[in-house]
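K.L.:
In the order they appear, the protein sequences are chains F and W. Residues in the first sequence are numbered from 1 upward in steps of one, following this note's numbering. Residues in the second sequence are numbered from 1 upward in steps of one, following this note's numbering.
These aren't lab readings, by the way, just hints derived from the structure by calculation. Quick caveat: nothing in here was measured; it's all calculated off a predicted structure. Incorrect hints may appear among the rest.
[Said to hold, decoys possible] Quick list of in silico lysine to any residue cross-link-like pairs, SDA-like style, CA-CA up to 20 Å:
1. F:Lys257 / W:Lys124
2. F:Lys166 / F:His114
3. W:Lys257 / F:Ala205
4. F:Lys257 / W:Lys257
5. F:Lys49 / F:Val88
6. W:Lys95 / W:Lys257
7. F:Lys166 / F:Leu190
8. W:Lys49 / W:Glu158
9. F:Lys257 / W:Thr64
10. W:Lys124 / W:Ala206
11. F:Lys124 / F:Ala90
12. F:Lys49 / F:Ala205
13. W:Lys124 / W:Ala108
14. W:Lys124 / W:Pro76
15. W:Lys257 / F:Glu158
[Said to hold, decoys possible] Where chain W lies over chain F, by a calculated footprint (3+ residues, C-beta under 8 Å):
16. 201 to 214
17. 228 to 234
Positions of the beta carbon are idealized from the N, C-alpha and C atoms, including for glycine.
There are 2 protein chains.
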Amino acid sequence: MATARDLFGVEFPVIQAPMAGVQDSALALAVTAAGGLGSLPCAMLTAEKIEAELQGISAATNSTINLNFFCHQPLPYSKQQESRWLSVLASSMEKYDLTAQEIKAGAARNPFSHEVADVLEPHKPPVISFHFGLPPDELLTRVKSWGTRVLSSATTVEEARWLQDKGVDCVIAQGLEAGGHRGMFLTDELTTQSGTFALLPQVVAAVDVPVIAAGGVNSASAVNAAMSLGAIAVQAGTAFLLCDECNTSPLHREAIKGSVGEHTAITNVFSGRPARSIVNRAVAELGPISSDAMDFPHAATAITALRQRAEAAGSADYSPLWCGQNASGCQEKPAAEVVKSLVAELNLR
Amino acid sequence: MATARDLFGVEFPVIQAPMAGVQDSALALAVTAAGGLGSLPCAMLTAEKIEAELQGISAATNSTINLNFFCHQPLPYSKQQESRWLSVLASSMEKYDLTAQEIKAGAARNPFSHEVADVLEPHKPPVISFHFGLPPDELLTRVKSWGTRVLSSATTVEEARWLQDKGVDCVIAQGLEAGGHRGMFLTDELTTQSGTFALLPQVVAAVDVPVIAAGGVNSASAVNAAMSLGAIAVQAGTAFLLCDECNTSPLHREAIKGSVGEHTAITNVFSGRPARSIVNRAVAELGPISSDAMDFPHAATAITALRQRAEAAGSADYSPLWCGQNASGCQEKPAAEVVKSLVAELNLR
Chain F
1 MATARDLFGV EFPVIQAPMA GVQDSALALA VTAAGGLGSL PCAMLTAEKI
51 EAELQGISAA TNSTINLNFF CHQPLPYSKQ QESRWLSVLA SSMEKYDLTA
101 QEIKAGAARN PFSHEVADVL EPHKPPVISF HFGLPPDELL TRVKSWGTRV
151 LSSATTVEEA RWLQDKGVDC VIAQGLEAGG HRGMFLTDEL TTQSGTFALL
201 PQVVAAVDVP VIAAGGVNSA SAVNAAMSLG AIAVQAGTAF LLCDECNTSP
251 LHREAIKGSV GEHTAITNVF SGRPARSIVN RAVAELGPIS SDAMDFPHAA
301 TAITALRQRA EAAGSADYSP LWCGQNASGC QEKPAAEVVK SLVAELNLR
Chain W
1 MATARDLFGV EFPVIQAPMA GVQDSALALA VTAAGGLGSL PCAMLTAEKI
51 EAELQGISAA TNSTINLNFF CHQPLPYSKQ QESRWLSVLA SSMEKYDLTA
101 QEIKAGAARN PFSHEVADVL EPHKPPVISF HFGLPPDELL TRVKSWGTRV
151 LSSATTVEEA RWLQDKGVDC VIAQGLEAGG HRGMFLTDEL TTQSGTFALL
201 PQVVAAVDVP VIAAGGVNSA SAVNAAMSLG AIAVQAGTAF LLCDECNTSP
251 LHREAIKGSV GEHTAITNVF SGRPARSIVN RAVAELGPIS SDAMDFPHAA
301 TAITALRQRA EAAGSADYSP LWCGQNASGC QEKPAAEVVK SLVAELNLR
């Protein structure tokens, strides 16, 4: 079985999970410089911004950086869904003097496209990870023609097999402990989502490609545990949220550090798709799962407007506070220190 | 830190999880004979039956057997809840020609009591584990006065701290991968339930007493992973469900072996309390969580009657198919073989 070193040229089997909205290439570069595999979340970036980030990365390092993209099937913005969603949000909007007219499309989450592939092609990125499945066959073939290693997340054994059949180089087994968006794409049934302890070994048994463990991996002993269960590497996100190089907002940091961070839930109220966040007012009062939330990513538009008002008033009530089920290991340190602590016990095995 | 050998006199750090309804002392004795700690679920047994089992155990072994009891706060049987529950079940009852008059109280689930303690006292049981918290202080003091080691399950860090404060000897960290009833007792909010990867290390960090890992532990590598995360032993249930000495019904065995076993859910439709079962018709159509389910354990009465009719007709549609999130490791073998396979890699560490 190939190791993380074989696949990504890294010293340590640690991938920093791409976290759209809270990080840019600064975190990715710091992790890569420390011997892990840094990731740049591109789902919320324009093609121009991606080009700028890639130029910055090329200037800074010869090492590998993983580029991450969403590849959901885009659904139209429905006025009918909007009016239902706004009626659910009415009292919150009133509280913050926000009118429907003031709500403008926020940061878009567009699926991977040929337009983005045009930007990437000259760079021949060595590693790309996808979330929510894979892009259409023709686009995937184009990416693979660059020699790019392709990764994607599986939240069930069935998804892992599907990804392998489509030709991914590695499967990321995303246990339900993980923060942020569930990568689920063959089902929207939340009861299919398993803890890492159950999912990881079943995925390892089900596919022949290497498996990367995600979900609850935030310490040296968790890295060892994941390797015991058959992972060739881990993908850690929450562990990096308080790092110096992470753009996590002060309100988000406060929530992670406070005891509120002990209670997270899988919620669709921030984007329309299930994602794990710390339970704040929005999650508690609107969700955690709301049948009124607009289809992904459109639920985000109104919530983002509300969030901006609330954050300006010092409140995280409407902020997506992405966080995994174990925030206890988060360190307010340079990312290099986190990488070091995650691999601290590897030699003992 | 004390080891499983120190605490229970066992050779291996493997506790067979008590599984009320699918096992008796035969499984417990087989596990104990193989060097693990067997458990006898007493929650659905009368005092007379417990006495008989204890006599059988004494005659068979000098080794330790863990006795398990529920200690929920009993709630009255409400006619109002019953009529709501029966109206939800009406079409299913009609299908099986079951009338409300024919529904009789099934196997009761009574909390641990002084009456039961009277039966236990002469035996001075070395280990007792509780589920749903702990019995009232006076009763707990009585149990501890026998020199009995007391264990109980925690599903959150808060519950683990509460149990330690009450004086338990070990905390069982029950990750949400676990089959059967969630031990949750300080909250009924399901979003507080964490995967083993997140829960176990947080519980280990939060308490000074030894921690036992439960939830998704069904292979040698999973045992190693749990030990990496700080457990001094594991509690495995699902791994034993297909054992020769287990009374798992043929329909239940079939569900575990078939692909249906890949999809479980936490449901309250079988008893009124959240428990993990394979998703069958009852879970899918009535739940997984139904606000109409009667308070624990009363929801079971009507479902048990329905189950009996359905099972007689060869259907598992209304059977509580308790099972964890990873049934892939279940072996149709003597329990001793399962114990052996769970500890097969322990020496490698």
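K.L.:
Taking 20 Å as the top limit, are the C-alpha atoms of Lys124 of chain W and Pro76 of chain W close enough?
P.N.:
32 Å, violated
K.L.:
Assess, step by step, whether the Cα of Lys124 of chain F is no farther than 20 Å from the Cα of Ala90 of chain F, and give holds or violated.
P.N.:
47 Å, violated
K.L.:
Are the Cα positions of Lys257 of chain F and Lys257 of chain W separated by 20 Å at most?
P.N.:
44 Å, violated
K.L.:
Next pair to validate is Lys124 of chain W with Ala206 of chain W; report whether the Cα-Cα distance is within 20 Å.
P.N.:
Roughly 30 Å between the alpha carbons, so the hint for Lys124 of chain W and Ala206 of chain W is violated.
K.L.:
Taking 20 Å as the top limit, are the C-alpha atoms of Lys257 of chain W and Ala205 of chain F close enough?
P.N.:
16 Å, holds
K.L.:
Hey, Lys257 of chain F versus Lys124 of chain W, does the alpha-carbon distance stay inside 20 Å?
P.N.:
46 Å, violated
K.L.:
Given the hinted pair Lys166 of chain F and Leu190 of chain F, is their alpha-carbon gap at most 20 Å?
P.N.:
Judged against 20 Å, a Cα distance of about 24 Å means the pair is violated.
K.L.:
Are the Cα atoms of Lys49 of chain W and Glu158 of chain W separated by 20 Å or less?
P.N.:
35 Å, violated
K.L.:
Are 3 or more residues of the segment 228 to 234 of chain F near chain W, judged by a Cβ distance of less than 8 Å?
P.N.:
holds (count 3)
K.L.:
Is it true that the CA of Lys49 of chain F sits at most 20 Å from the CA of Ala205 of chain F?
P.N.:
39 Å, violated
K.L.:
Lys166 of chain F and His114 of chain F were given as a pair; does the straight-line alpha-carbon distance stay at or below 20 Å?
P.N.:
It holds: about 19 Å lies between the C-alpha atoms, which stays within 20 Å.
K.L.:
Are the Cα atoms of Lys257 of chain F and Thr64 of chain W separated by 20 Å or less?
P.N.:
Violated, at roughly 43 Å.
In this structure, the hints that do not hold are numbers 1, 4, 5, 6, 7, 8, 9, 10, 11, 12, 13 and 14, in rising order.
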